[in-house]
Amino acid sequence: MKRWFVLAAFLVVAGFLVLLGTGMRPFGAPKAFEMDQYFIDYTQAEVAANNVVTAVVFDYRGYDTLGEATVLFCAVVGVALILRKVRR
Amino acid sequence: MSVVVRTIARILLPIVFAFGGYVIMHGHLTPGGGFQGGAVVASALALVLVAFGEASLKKYKDLLSALESLGGVAFVVLGLIGIPFTFFANVLAGVGGLFGQSVPPGPNPGYLNTAGTLPLMNWAVGLKVIAGLGSVVVLFGLFGGEDDR
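From first to last, the protein sequence lines are chains V and P. Residue 46 in our numbering is what sits at position 46 of the first sequence, and the numbering runs on without skipping anything. Residue 1075 in our numbering is what sits at position 75 of the second sequence, and the numbering runs on without skipping anything.
Isolated chain P (complex conformation) (with noise of 0.2 angstroms):
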């Protein structure tokens, strides 16, 4: 595309991406969580996609392949590990350690150090969606190139 598309996209990007982690990151706390995230980010690639053409993102196919089969194998360990219980147990909620601090009852301002495995799944289902539409994206980018996909 034009040098204005690219300098816009070139400033545009940090913001998007950062916006998507947050999203991402503070999905047990305010409304989004991991899909929506993950769509955010998708759409920055979407963007890097039409600005800087398909040959910047075509190296990136092995990546994205593997991080959309890592956040569905974490997806399903995190749902494993409250097996004794049932599946999908919060084991981690409430007990101290990572992610679990207590909350008081009542409106509270939100604390970042709480819910469980509930952030953990969160970035894994955001890591999910961010490689699976980025290679949605990135196929529909490649398509009728002469490259090879």
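Extracted from the complex, chain V is given alone in its bound form (with noise of 0.2 angstroms):
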């Protein structure tokens, strides 16, 4: 039972990652100053933020601002457990 559960689960996200990549462009096909233009030419109107870094670190891109403040967690974890009391 629980084999198959992997099994399937397995194949959903395989296939989904698939679909994902059959949808792709060609490889460099989106030249990279084209989506530097749009944040320098959209942040205005959709985010009304003049600072185009702070829209892409908080709004664009507020997964990786989620990563790096879990990764500071993790760090504080790490230096309390290392400088623990240690009752002997």
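FYI, nobody ran anything at the bench for these hints, they're computed from the structure. Here the structure is a predicted model, which means the values were calculated and not measured. Where hints are given, some of them may not hold.
Cut-off 25 angstroms, straight-line C-alpha distance, at most; resulting in silico cross-link-like pairs (SDA-like, lysine to any residue) [to be verified]:
hint, chain 1, residue 1, chain 2, residue 2
1, V, K85, P, F1052
2, P, K1058, V, V77
3, P, K1061, V, G78
4, P, K1059, V, A80
5, P, K1058, V, V79
6, P, K1061, V, F73
7, V, K85, P, A1055
8, P, K1061, V, I82
9, P, K1061, V, V79
10, P, K1058, V, A80
11, P, K1058, V, A75
12, P, K1061, V, V86
13, P, K1061, V, L66
14, V, K2, V, V13
15, P, K1058, V, V86
16, P, K1059, V, L83
17, P, K1058, P, A1046
18, V, K85, P, K1061
19, V, K85, P, V1050
20, V, K85, P, A1046
21, V, K85, P, K1058
22, P, K1059, P, V1003
23, P, K1061, P, R1010
24, P, K1061, P, L1013
25, P, K1061, V, A75
26, P, K1061, P, V1076
27, V, K85, P, A1066
28, P, K1059, V, V79
29, P, K1058, P, F1140
From the two separate chains plus the hints, produce the assembled complex.
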């Protein structure tokens, strides 16, 4: 039962990734400066912010900042774990 | 430390705290933001630790822990309020109200009441970085002492 569930989950995830892969653009098709120009052109209209860097960090790529906050949390937990008081 | 260090620290600390708050508060207008301003305030906590000793910061340990959790939860909640569109959708931008003023396109002097959830997220990340790096500094300061951590 558990084995079949794992296999089904694997097939679903793998099929999803393959499906996404077939829909991708050709290699190198969206040139890098197109994305940059999009941020420069539309940040003031979409995010209503003057600071494009902050708009990218907290709006367009908010997941990335969430990961950075998690990394910081892990670092603090590691320091607290190593420097804790050991009862002997 | 000596009286010279403590006097200089008393003069410098309000300036450093105010500068850190300024960097966090203007994160959507100027270079900087939550991480950078939080690091500035955490360096001020390190100055407190060096100048006044680790006993002066020990009683703030629980407060720093609570602030860290508060910053993390506030960041995720601010991401979740845009969930009808996507995670981290900026629903407060350009609709009026809190931080909802829209900016005119092109160069402008910068307005504080803009950018939607970005300033709030800056404060959340700022609190998280202040409390996180501050806890690290306090833990290093208390390490090796006889007292209970």
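Results for each hint:
1. V:K85 to P:F1052: Holds - the C-alpha atoms of F1052 of chain P and K85 of chain V are around 23 angstroms apart, at most 25 angstroms.
2. P:K1058 to V:V77: holds (18 angstroms)
3. P:K1061 to V:G78: holds (16 angstroms)
4. P:K1059 to V:A80: holds (16 angstroms)
5. P:K1058 to V:V79: With Cα atoms ~16 angstroms apart, K1058 of chain P and V79 of chain V stay inside 25 angstroms; holds.
6. P:K1061 to V:F73: holds (15 angstroms)
7. V:K85 to P:A1055: Since the Cα atoms of K85 of chain V and A1055 of chain P sit roughly 16 angstroms apart, the hinted pair holds (cutoff 25 angstroms).
8. P:K1061 to V:I82: holds (17 angstroms)
9. P:K1061 to V:V79: Distance of about 14 angstroms is within 25 angstroms: holds.
10. P:K1058 to V:A80: holds (14 angstroms)
11. P:K1058 to V:A75: holds (20 angstroms)
12. P:K1061 to V:V86: holds (18 angstroms)
13. P:K1061 to V:L66: Roughly 24 angstroms separates the two Cα atoms, so the pair holds.
14. V:K2 to V:V13: holds (17 angstroms)
15. P:K1058 to V:V86: holds (18 angstroms)
16. P:K1059 to V:L83: It holds: about 17 angstroms lies between the C-alpha atoms, which stays within 25 angstroms.
17. P:K1058 to P:A1046: Satisfied, since the Cα-Cα distance of roughly 13 angstroms is no more than 25 angstroms.
18. V:K85 to P:K1061: Given pair K85 of chain V, K1061 of chain P holds - Cα atoms ~15 angstroms apart, limit 25 angstroms.
19. V:K85 to P:V1050: holds (22 angstroms)
20. V:K85 to P:A1046: holds (21 angstroms)
21. V:K85 to P:K1058: Roughly 14 angstroms separates the two Cα atoms, so the pair holds.
22. P:K1059 to P:V1003: holds (23 angstroms)
23. P:K1061 to P:R1010: holds (21 angstroms)
24. P:K1061 to P:L1013: holds (19 angstroms)
25. P:K1061 to V:A75: holds (17 angstroms)
26. P:K1061 to P:V1076: The given pair, whose Cα atoms are some 23 angstroms apart, holds under the 25 angstroms limit.
27. V:K85 to P:A1066: This hinted pair holds, its Cα atoms lying about 20 angstroms apart.
28. P:K1059 to V:V79: holds (19 angstroms)
29. P:K1058 to P:F1140: holds (11 angstroms)
Hint compliance for this structure: every hint is met.
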